[in-house]
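Under UniProt numbering, think of the first position of the sequence shown as 1, with each following residue one higher.
In short, the hints are calculated from the structure, not lab data. There may be inaccurate statements among the hints.
Simulated restraints on C-beta separations [to be verified]:
{"id": "1", "residue 1": "Val351", "residue 2": "Leu31", "range": "33 to 39 Å"}
{"id": "2", "residue 1": "Ala221", "residue 2": "Asp34", "range": "38 to 44 Å"}
{"id": "3", "residue 1": "Gln56", "residue 2": "Pro233", "range": "39 to 45 Å"}
Result set (DSS-like, lysine-lysine): computed pairs, CA atoms no more than 30 Å apart in a straight line [to be verified]:
{"id": "4", "residue 1": "Lys255", "residue 2": "Lys138"}
{"id": "5", "residue 1": "Lys81", "residue 2": "Lys67"}
{"id": "6", "residue 1": "Lys447", "residue 2": "Lys367"}
{"id": "7", "residue 1": "Lys367", "residue 2": "Lys420"}
{"id": "8", "residue 1": "Lys420", "residue 2": "Lys391"}
{"id": "9", "residue 1": "Lys367", "residue 2": "Lys81"}
Don't be surprised by glycine CBs; every beta carbon is placed ideally from N, CA and C.
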Amino acid sequence: MHRVVGDRYELVRPLGRGGMGEVWLGRDYRLDRDVAVKLLRPNTLPAGADVEALIQRFNREARLTAKLENSGVPAVYDTGKDEDDLYLVMQLIPGADLSDFQAENEPVPVSWVAAIGAQIASVLAAAHAVGLVHRDLKPRNVMITDTGEVKVLDFGIAVLRDVDMTRITRTAETVGTPAYMAPEQAMHGQTSPSSDLYSLGCVLYELVTGQYVFDAHTALAMMHRHFNDTPEPVQSLRPDVDPRLADVIARLLAKQPDQRPASANEVYDVLLPMVSGPLNGSLIPMDPSRPFRDHLAAPRPPSGPVTPMDMPTVPVLPSFTAPAGTRVTPVPAAIRDSVPRRVGESFMLAVSVLLMLVYLQDAANGKPVPDAAFTFSLLGGLLAIALWMRKRRLQLRFPWSLAPFGKRVLGPRRSNLAEKILERTLFVIGGMLWAGFFGELIAGIVKGHPFMYIESPLLAAGICMVFFAPALLMRQRRLGKPYPWIW
C-alpha cells in the first residue's frame, strides 16, 4: 500500500528484495529528488529469526556504507525508524546491474571487462584499506551507470576485520552467494580481502566467458565444486581474450588465498593497461572505459594506509579525438521553466478543454458535430501535449496530478491524500461511464441492434478510457504492481 516513511520519503514502487529487506524507489519531498529506500521489517521475519541480530546488521550497514566515502559506493543520505520498520535512504543509481549489462552486450568486449574489473578493484581497495570486507560480490550487486561508472552495492553483510568485534552472523548461517563464494568462505566461513578477490575473479570469468565458473544443481554442490574442482581455462572458452586478463583471472580463482594477488591494488595495476576506448572518441552508453578517459575519472585505489576521506583520482588515459568532419551531438540542456512555456501550455490547455466542452454540449443537444472522431482526436492530442509540457515543467508524477496545489502547498501527507481522492474520483467517473456504455450496448442487443443507442462506439469507449486509464495507472504506481490490469 502507499506509504511515506519518516514524514519525508514516499515509497513509489519496489525495486527489489534481498537478504537485508526490501528496496524501494522513493521520492524525497524535502529535497525534491529520487532516492533508494531500503526497508527492514522485523515483524515480517519468519519465526525463530534473530530479530535483534538483523537490526544490528541493518544499523551497521548504515554506518559502514556512510563511512566508506567513495564514488564507487552509493552515498547514504539518512536512516531512521518508521513505525516498526527501519529504513535506510541511499543514493539512487540509474543504470543496470552487471547481469543485465552482460545480457545486452554479450560477448562483452575484453577492454570493457578490464575497465569494469579495474573499477571494482578500486572500490575493494578502498574498502579493504579501512578494514571492510564485502563478502557477497556478484553481478547483481554491481551497477553500471549510463556514463560507465561502476557502483558496488550492498555492503550490508560486510564485516569489520576486528578481533574484538562480536560476531553478528549466527553459527551455521551462510552469508554470500555460492556461485561467487571463495572456497575458504564456503567451507569454513573464513572471509578476508582475498575472498573478495576470489569473488571478483568469478565476476570477471562470467563477463568474459558468459558462464559461471562452476555450475551445479544445489548450493552445497556448488560450494563443493569451488572447493575441489579446477575451472576451465578462460582462453579455451574465448580465444580472443587478452592473455594478461586470462592470467589475472586464473590467479584470482586460486584455491589457496596466498596464491591470489596480494591486494586489489595489484589487480587494478594489471587491468588498467588493458583499458581502451573507441577509436573515434564516440560516447557509447554504459561504456565502462569512459571514466578513465574523462577528466572526472574513477577513483584510484589507495596505495597505502588511508582514511575513508582519502579519495585520490586515477591518472587520465590519453583522450581520443574524433576525426575531422565527425559530427558530435551535444547533450541537450535541461528544460527550464519560462514565461513562453507557461503561456503556450495554458493556451493549449484552455483551447482544447473549451472546444471539447463545446462539442460535447452540441452532441448532447443533438446538434451535428462535423467529423467527430477526427475533431476529438485532434483536441485530445493537443490536450495531451499541453499536459505533458505541464508534467515536465512542474516535475509531476502524472500529467493530470494536482500540483502545484499538491505537495508544494499541502505537504506530503495531504498531497498523497489528494492523489488518492483524485484516483478514486477518476475510478468512479470512469466506472459510471463504462456502466452506461455497456448498459446501452446490452439494451441495443435486446432490441436486435447492438449500437442502437450508441452513435459512435469508438468515441464513447475513448471517453470512458480518458477517465478510467489514468486511475489504473495511478493505482499501479501507488501499489507497485507490474501491470495496471493486475488487481
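Tested hints:
1. Val351 x Leu31: 33 to 39 Å: Between Val351 and Leu31, where Cβ atoms are some 36 Å apart, the hint holds.
2. Ala221 x Asp34: 38 to 44 Å: holds (41 Å)
3. Gln56 x Pro233: 39 to 45 Å: holds (43 Å)
4. Lys255 x Lys138: Distance of about 18 Å is within 30 Å: holds.
5. Lys81 x Lys67: With a Cα-Cα distance of about 20 Å, the restraint between Lys81 and Lys67 holds, given a limit of 30 Å.
6. Lys447 x Lys367: holds (25 Å)
7. Lys367 x Lys420: Measuring from Cα to Cα gives roughly 37 Å; hence the hint is violated.
8. Lys420 x Lys391: holds (18 Å)
9. Lys367 x Lys81: violated (62 Å)
Of the numbered hints given earlier, the model fails hints 7, 9; all others are met.
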